[in-house]
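A.B. asks: Spelled out, the chains give:
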Amino acid sequence: MPKLRLREAGPALLFMVVLLTLTACGDTVYPNTTFTQFTDLNTTILSLWDRLLFWGTIVFVVVEAALIITIIRYRKRPGGPAAKQIHGNALLEITWTAIPAIILVLIAVPTVKAIFETQAPAPAGALRVEVIGHQWWWEFRYPELGIVTANELYVPVGRTVSFEMTSKDVIHSFWFPAMGGKRDLMANRTNYMWYTPNADLGTQAWNGFCTEYCGESHANMRIRLYTVQPDEFESWAKHQASPAVFNPLAAAAVLAASNTALTRAVDSTAQPSAGYVFPAERLPAHVVPQTPIPAGLDYDDALLAQGDPTRGATQSFMLGGCIGCHAINGIPGAVSAIGPDLTHVASRHTIASGLFKFDGPTLARWIKNARHMKPGSIMNTIGRGEYDPIMKMTVTAGLDDRQIADVVAYLMSLK
Amino acid sequence: MATIAAPTQAGKPDAYSNTTGIWSWIATTDHKRIGTLYLWTALFFFLVGGLEAVIIRTQLMRPNMGFVSADTYNQLFTMHGTTMVFLAIMPLSAAFFNFLIPLQIGARDVAFPRLNAFSYWVYLLGGIFLTVPILFHVAPNGGWFGYAPLTSNQFSPGNNIDFWVIGLQVLGVSSLAAAFNFITTIINMRAPGMTLMRMPMFTWMSFVVQFLLILAFPPITVALVFLIMDRFFGTTFYAIAAGADPLLWQHLFWVFGHPEVYILILPAFGLVSEILPTFSKKPLFGYNVMVYSGIMIGFLGFGVWAHHMFAVGMGAVADTIFSMMTMLIAIPTGVKIFNWIATMWAGEIRFTVAMKFAIALIGMFTIGGISGVMHSSPPADLQQTDTYFIVAHFHYVLFGGSIMGILGGIYFYFPKMTGRFMDERLGNWHFWGTFVGMNLTFFPMHFSGLYGMPRRVYRYDAGQGWDLFNLMSTYGTYLIAVSTLFFVWNFVRSRTRGAVAGSDPWGAGTLEWSIPSPPPEYNFAQLPEVSSRYPLWDLKDPAKTAGIDHSHADAMTITDAHAVPVHEETERFTAKELGIPMPLPTAKPLFTAVGLMTMFSGLPFLRNDMFAVAMTLTIGGACMLIGGLYAWLTSPLE
Amino acid sequence: MASHAAAALHSASGADAGHQNGHEHHHYTTTGLDNRKIAIWAFLGSECMLFASLISTYLIYKGKSIVGPYPTTEWVNEAGKVFKPILDIPTTSASTAVLLMSSFAMVLALQAVQLKGKEIAATASWWERIQRSSQFWLAATAFLGATFLGFQAYEFTSFVHEGLTLKTNLFGSTFFTLTGFHGAHVTVGVLWLMSLLWIDRTRGLGPKDELVVDICALYWHFVDVVWIVIFTLVYLIS
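Keeping their order, the protein sequence lines are chains A, B and C. Mapping to our numbering: the first sequence position 304 is 304, numbers consecutive. Mapping to our numbering: the second sequence position 38 is 38, numbers consecutive. Mapping to our numbering: the third sequence position 130 is 130, numbers consecutive.
Since the hints were made in silico from the structure, they are not lab data. A few of these clues could be false.
If you want a taste of the chain C side facing chain B, the calculated C-beta under 7 Å gives, among others [claimed, not checked]:
hint, residue
1, Phe43
2, Met49
3, Leu54
4, Ile66
5, Gln131
6, Arg132
7, Leu166
Simulated crosslink set (DMTMM-like; lysine to aspartate or glutamate; CA at most 25 Å straight-line) [unchecked claim]:
hint, chain 1, residue 1, chain 2, residue 2
8, A, Lys76, B, Glu348
9, C, Lys37, B, Glu638
10, C, Lys64, A, Asp169
11, A, Lys357, A, Asp401
12, A, Lys357, B, Asp467
13, C, Lys84, C, Glu162
14, A, Lys84, B, Asp541
15, C, Lys167, B, Glu348
16, A, Lys168, A, Glu234
17, C, Lys64, A, Glu164
18, A, Lys168, A, Asp200
19, C, Lys62, C, Glu74
20, A, Lys84, B, Glu348
21, C, Lys167, C, Glu74
22, A, Lys238, A, Glu64
23, A, Lys415, A, Asp169
24, C, Lys84, C, Glu155
25, A, Lys238, A, Glu281
26, C, Lys208, B, Glu638
27, A, Lys76, B, Asp541
28, C, Lys64, A, Glu130
29, A, Lys76, B, Glu638
30, A, Lys392, B, Asp609
31, A, Lys357, B, Asp461
32, C, Lys62, A, Asp169
33, C, Lys116, C, Glu128
34, C, Lys62, C, Glu162
35, A, Lys238, A, Asp200
36, A, Lys357, A, Asp400
37, C, Lys62, C, Glu155
38, C, Lys167, C, Glu155
39, C, Lys167, A, Asp169
40, C, Lys167, C, Asp34
Backbone N, C-alpha and C fix where the C-beta goes; we use that ideal spot for every residue, glycine too.
Whole structure, please, built from the sequences with the hints as guidance.
C.D. replies: Quick look at the structure:
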């Protein structure tokens, strides 16, 4: 009966594909693959996986082969032999109880070893990073370096990084597939995980995801990881720990003193060179967000050219109520931790937890109606006349498009 | 001398009752009718859950699709899981419990026929309560395991979760009531000579499942009570601001949730253990070991719940213990697989549609079992949990296992239930479509998961290495959907147009095949006396069962039975004519169930500041419940 | 042959003969026990898991409350005032004793039902006579159960007065839910006993009704045992 062979051949063929892809997979085809040896943690996991796959394949082949052979060989045929009335066989049954048991022992021993190895305390000298989950974004704190940032994580290669994870609200889970396993982020609890990106990993960008369903925008809670060289990390860290580059109070004082028309108090290009930032041109395509901007969110991009950072900082930023949620180091009163820290927001490549590219037009739309761009977002709809899909009402206060352009200009200056 | 498979009775759909019409169904206390009601209702919900899956897969077909919104998607996957687990697979198993257990053990009905009706009506009403909200876009959206604190008021302020928590609580009542009933039935209603170790394997697996139900449902009941109290009465069980531990829900849920997995799979194992011997013309290989492994699986099933929680940070010791327990459970499961293959070995295998589904279960469940062992290793699981690899795993177990077994069971028992065969040609289309479709749907998910795709995402970017796998999964789902249409057509049509089947159309060996199809309302005109595991084969083909446990005295009984003068059954008598007391039809269980549902359905109104409505429903419902119970308990059964 | 086979399976068994004799209420059972007896055991097994879950939750949350009142330790409110631990162990010990006594009364109620109809010597003492009164013992059990509920109502009210409600803290939520669930079970038991008492008064309970009383007694003893566990874990062990 050829049909039967075909039936069992389907999954068997697919299984062959697993083996092939495992050996042949390139990073470019499967950029988020878990089959890597980029960290000590994932090297351990991969060696366990190899063992699981090895035994799994053997069991699979033995069982499916036994099944196929049986049903082909003993199919009812005219003139075929009558069924033999066998009721059991103690020896056989003991055998097929014992063999799986032995295989499981072969899996269990390295498993237990790996459990205790990977869950041991992080080695001394590890870089501490506090990971705090929010609906739906990531807060990162480097307590030893005085850095607070969001959604994009910088880690030096060759040094162990130790994550201390908790949540401000529901349960989230922190995962970079290429780096190692995941851990849940839970309120009233702290979880730990550490790994060491290989010293030869190079300056690269990686995707990460929230992997515990955490509400409406669970799918929109993404992370980026930049593994960078130690000197690059040092430069980045030094700058990130410093107060905001553009200080609106100083700018306002200049304005008041000069008593002139509004001028550009700050030209971002004229700023003293900021710290290291992962170069945009080295971002591979799969790390660049592709989320489409939803239809019906109109903004005249031409207005952006007229945006004034000083006006944005001194007036619109306040009018929009931004400091109700966002902290900016160096601005008195802007200390809230409800939303991401914006001190060096312009040094990031993405906004809205890795959902969109960081650029003027996207930022303007985001400020105008964040809830339209990211369902359920806690960030209010700011644009005047916009419909807020959560409050189910049209915003009557808020900022007009020109004011938004000012805020965008201000934020773009926060390198 | 008639041949063994000759029909003894033409199919008459209503042959087991004197009455027809809607009232005969509303007031029925006949376990076979209740089983039929379960079957139809559960199949309906199976189609609903399947439709939800089709929409889900359409949304995921390509990167960043906008077929449905984030919230709709979340409602869909929550309802797909909840529907398939609580409203489709469990009740499909319940349909078989109802229809088969009394027939297999030689009883005239279940121990508590009215409680049985009550279980069904509660299930139906709970299912409607849980499902209807999706039509109004307010369906539950917290995932099928509804992790607190996400499901607490603070993070889910709408009515969505209310429907979920109340619906599950009500369904729990149904499952518990049914479980008490079947435990009592199996312990106490077996025909003379039907010792525990002679019970058909389906009854055995069902027996284990009933114990899992009564022991596993209380923890989730408590978890749901806490959530109800939190949501409506302001307690702090899951309130993080009050210092609550987010793991409380997870532990309570999975103490239920893992045995639940065996609640879903063991009945299918039981059905397959009936189908394989029949179509191999051989008794089940290693019956005793099959029984013990089933008990072992049920027992160990209570010690492995935290393997769903390897990412929560329980510590190395707890991870180790739960990992070892999980690996251990693979052993009795593997034994079952090998024993099934050995059952077919040296047999005469007939490839009916039922048999194909049963064989497919062995092949497909094995894949789910292997990936199960892969995530029993906690460090490896940290790369697998909450990705599509897990989705692939549990679909191989639940679709490749439970659904395959249940579909095989439907093809196998349809002649017994209706007196007619399902069409084998349409059945073949159904089988091959489903088989290829499920592999096309779920096998690629292994890859998308291991290549980094998290589960429960409603959109993803292109170029992540997942595009092809998702496209394959979606086409596979469409293939399953199309082949399911063949099944629906076959099922509906064969009831009245299928070929007439006799009492024992497949040449099977257990008691249910000794009575006409469909069985008369009283099942057995006289209670049978059982002397072996395959009493029918004893009579028709003693060679088949010669090696199985029966004492010499038992063998004598068979001989004696042959010696008893036999009156040929030429026409079917009613229970009344035979003087067999049957439970009276009554709508009191339905009335009581409506009371229970009404009582609970008051709660959501509390949230919407409709206090008067809430109180009216709750108090009114409670009065109905108490009044119904009173009338029920004070009226005679038969 | 087929019908022959089927009919052989239908061969009369002695146990089935009851139907032909018209004793409709004596169905054949495998174990010889009444179905209800088996069902109540299954039910109580399930109840064990219910209370195990509730008690575990109480224990998991023990000492995790952020604000007072606390059960067995002193606590300070925002104003800095120091309060005693809220649990009143002497009073609850008394109510526990009452509930234990009710189990004793239940045993005697069952015995009285079993002995109903047997002759009693004219010289019997008042104690021997009262032992024969199922109504007395059913009423006593129900009364003691109700007294326990009274104690619980008193305890709940005084806790609320001292500032502990369902919403106050984790202790309040877990304590009221656990003891409330138990109290609800006692309430059901009291209603059950009162129904039995009513049946006893209207048509009289006799040895033939032993099973009905026995099932109620099983439930009642179970509820008592659960209370012993709760009392030990919640009140005595701090």
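A.B. asks: Does each hint hold? Answer for all of them.
C.D. replies: Against the structure, the hints come out as follows:
no., hint, in the structure
1, Phe43, "6 Å, holds"
2, Met49, "4 Å, holds"
3, Leu54, "6 Å, holds"
4, Ile66, "4 Å, holds"
5, Gln131, "29 Å, violated"
6, Arg132, "27 Å, violated"
7, Leu166, "5 Å, holds"
8, Lys76(A) <-> Glu348(B), "5 Å, holds"
9, Lys37(C) <-> Glu638(B), "19 Å, holds"
10, Lys64(C) <-> Asp169(A), "18 Å, holds"
11, Lys357(A) <-> Asp401(A), "20 Å, holds"
12, Lys357(A) <-> Asp467(B), "21 Å, holds"
13, Lys84(C) <-> Glu162(C), "10 Å, holds"
14, Lys84(A) <-> Asp541(B), "13 Å, holds"
15, Lys167(C) <-> Glu348(B), "67 Å, violated"
16, Lys168(A) <-> Glu234(A), "29 Å, violated"
17, Lys64(C) <-> Glu164(A), "22 Å, holds"
18, Lys168(A) <-> Asp200(A), "35 Å, violated"
19, Lys62(C) <-> Glu74(C), "14 Å, holds"
20, Lys84(A) <-> Glu348(B), "9 Å, holds"
21, Lys167(C) <-> Glu74(C), "19 Å, holds"
22, Lys238(A) <-> Glu64(A), "59 Å, violated"
23, Lys415(A) <-> Asp169(A), "29 Å, violated"
24, Lys84(C) <-> Glu155(C), "15 Å, holds"
25, Lys238(A) <-> Glu281(A), "23 Å, holds"
26, Lys208(C) <-> Glu638(B), "19 Å, holds"
27, Lys76(A) <-> Asp541(B), "18 Å, holds"
28, Lys64(C) <-> Glu130(A), "24 Å, holds"
29, Lys76(A) <-> Glu638(B), "48 Å, violated"
30, Lys392(A) <-> Asp609(B), "19 Å, holds"
31, Lys357(A) <-> Asp461(B), "13 Å, holds"
32, Lys62(C) <-> Asp169(A), "23 Å, holds"
33, Lys116(C) <-> Glu128(C), "13 Å, holds"
34, Lys62(C) <-> Glu162(C), "19 Å, holds"
35, Lys238(A) <-> Asp200(A), "23 Å, holds"
36, Lys357(A) <-> Asp400(A), "23 Å, holds"
37, Lys62(C) <-> Glu155(C), "19 Å, holds"
38, Lys167(C) <-> Glu155(C), "17 Å, holds"
39, Lys167(C) <-> Asp169(A), "20 Å, holds"
40, Lys167(C) <-> Asp34(C), "45 Å, violated"
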